[in-house]
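Enquirer: Below, each chain spelled out in residue letters.
2 protein chains.
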Amino acid sequence: MIGIFDSGVGGLTVVKAILDKIPEYDIVYFGDTAHTPYGTKSAETVVGYTINNIKFLLSQGAKVIVIACNTASSVATTQVLEQFALPIFEVITPAVTQAVEASANLNFGIIGTRATISSGIYERKILAHRPTARIHSVACPLLVPLVEEGWLKKRETAMIVKKYLQPLKTRQIDTLILGCTHYPLLKNVIQAKIGKRVELIDSSICIAEGIQHFLENQRDIEQQLRQTGRLSLFVSDVTDQFKKIAQLTLKTNISFECVKI
Amino acid sequence: MIGIFDSGVGGLTVVKAILDKIPEYDIVYFGDTAHTPYGTKSAETVVGYTINNIKFLLSQGAKVIVIACNTASSVATTQVLEQFALPIFEVITPAVTQAVEASANLNFGIIGTRATISSGIYERKILAHRPTARIHSVACPLLVPLVEEGWLKKRETAMIVKKYLQPLKTRQIDTLILGCTHYPLLKNVIQAKIGKRVELIDSSICIAEGIQHFLENQRDIEQQLRQTGRLSLFVSDVTDQFKKIAQLTLKTNISFECVKI
Numbered sequence: 004m005i006g007i008f009d010s011g012v013g014g015l016t017v018v019k020a021i022l023d024k025i026p027e028y029d030i031v032y033f034g035d036t037a038h039t040p041y042g043t044k045s046a047e048t049v050v051g052y053t054i055n056n057i058k059f060l061l062s063q064g065a066k067v068i069v070i071a072c073n074t075a076s077s078v079a080t081t082q083v084l085e086q087f088a089l090p091i092f093e094v095i096t097p098a099v100t101q102a103v104e105a106s107a108n109l110n111f112g113i114i115g116t117r118a119t120i121s122s123g124i125y126e127r128k129i130l131a132h133r134p135t136a137r138i139h140s141v142a143c144p145l146l147v148p149l150v151e152e153g154w155l156k157k158r159e160t161a162m163i164v165k166k167y168l169q170p171l172k173t174r175q176i177d178t179l180i181l182g183c184t185h186y187p188l189l190k191n192v193i194q195a196k197i198g199k200r201v202e203l204i205d206s207s208i209c210i211a212e213g214i215q216h217f218l219e220n221q222r223d224i225e226q227q228l229r230q231t232g233r234l235s236l237f238v239s240d241v242t243d244q245f246k247k248i249a250q251l252t253l254k255t256n257i258s259f260e261c262v263k264i
Numbered sequence: 004m005i006g007i008f009d010s011g012v013g014g015l016t017v018v019k020a021i022l023d024k025i026p027e028y029d030i031v032y033f034g035d036t037a038h039t040p041y042g043t044k045s046a047e048t049v050v051g052y053t054i055n056n057i058k059f060l061l062s063q064g065a066k067v068i069v070i071a072c073n074t075a076s077s078v079a080t081t082q083v084l085e086q087f088a089l090p091i092f093e094v095i096t097p098a099v100t101q102a103v104e105a106s107a108n109l110n111f112g113i114i115g116t117r118a119t120i121s122s123g124i125y126e127r128k129i130l131a132h133r134p135t136a137r138i139h140s141v142a143c144p145l146l147v148p149l150v151e152e153g154w155l156k157k158r159e160t161a162m163i164v165k166k167y168l169q170p171l172k173t174r175q176i177d178t179l180i181l182g183c184t185h186y187p188l189l190k191n192v193i194q195a196k197i198g199k200r201v202e203l204i205d206s207s208i209c210i211a212e213g214i215q216h217f218l219e220n221q222r223d224i225e226q227q228l229r230q231t232g233r234l235s236l237f238v239s240d241v242t243d244q245f246k247k248i249a250q251l252t253l254k255t256n257i258s259f260e261c262v263k264i
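Read top to bottom, the protein sequences are chains A and B. Residue numbering for the first sequence follows our numbering, beginning at 4 and increasing consecutively. Residue numbering for the second sequence follows our numbering, beginning at 4 and increasing consecutively.
There are no misleading hints in this set.
Any copy will do: because identical chains look the same in the list, a pair fits if it lies in one copy or spans two.
Subject to a maximum C-alpha distance of 27 Å in a straight line, what follows is the list of computed DSSO-like cross-link-like pairs (lysine-lysine):
#1 K166 x K246
#2 K128 x K172
#3 K165 x K247
#4 K199 x K165
The set of hints was computed from the structure by calculation and includes no laboratory data.
Can you make the complete structure from the sequences, with help from the hints?
Expert: The structure is reproduced here in structure tokens:
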């Protein structure tokens, strides 16, 4: 099956996007809610969590891994590609590919957690495609807790989004990468504050398209995947708040199994 | 020495209060920054982290333990008192003792993390002392991330504090327990929004006084404590942001040792 993990609930936006595109494949999801959030922690610690998460997904029969977390994708991809011999997708590359195609003026904005922005990975990948690009990055550490509180439409959230986006607006970016899997839940307020002319790049949609394309071209791997449309959800900690946000994201009633890894 | 732990940086307000009262004793502090925050996690998970933290402090030579975290104090005290045979202080009891002494009308407000408020421990302890008390509790989950971002004086923080405190203001509480070790850093804005007639109970100060009193009366334990005024700080993850907030709290330059537990 397709194994997907995130630090918590954010990666469910990726699950939703994959279910919308290719609902036939079995999915096993792991949300590392006992260690959430990753975005405020050090690279070393996030690498350790990432390796444990992948080992758990392999034990559940995953044949393809999706790192549905920008922080883990930013700081741990190189190490896990060396350590594990199966296809591993991260959320950075498909978002960058789509962003460089979308941008007319090559004037990019990136928002993400502190760990993602500090890693500089979006800048490096964009510059590898478009050496003349201008890139402006802003860490937005309060957006994850605001999403996890379900404060999606509150005035305070809109004000905080506006404050974070102000330097990007001043620099007249034309393309904004939502560099955290929580941010698609704030898409409306982000679009309103950055302005409707700016194209938003939603990494959850980009990665779903990337996986679809991969499976169409890699039939040997595609044939190893079970296709009964089953979704299994595991977390390392269960709280009522988590269930609420998970339901909001997947728009359906869901049950979780709690595992200690 | 005195062993103190918290989920992260908040417990340093307790360290500061203890250093102000009884600076002569050696202190070993552990901030479980690899698992922070505790307040949004389940009781079971927090109990597991608490046991590991105490074991680490014992390995460092602690003879007295201070749970400088309201969430861990709320959900894990009973279990750890059964499991460990040494004096263990938590932050709830001294705050309640001081609150019931301070209140004229027995109309209490409590603010804390979601886990602390769900536990109902403050209500139970206050009612045990004052069965006729009225108690109003509000979970304020966004205050920890706001403090950890250092947004102590921002307008958005003031608005969010106001929103959380509104139901307590309406009920005309006369005493407000700051049920989270992060909140003393927001004392000014909390006092401004709840009104100057409301007495704020700062658990970090209450616990420092409680420990001082205990050591004056338990000379056999007091004599086991080294008195060279040394402060050793350990964390399970180090980030620049953590260093910044730690410095802000202790008002001095500090160095940490990172340990995996």
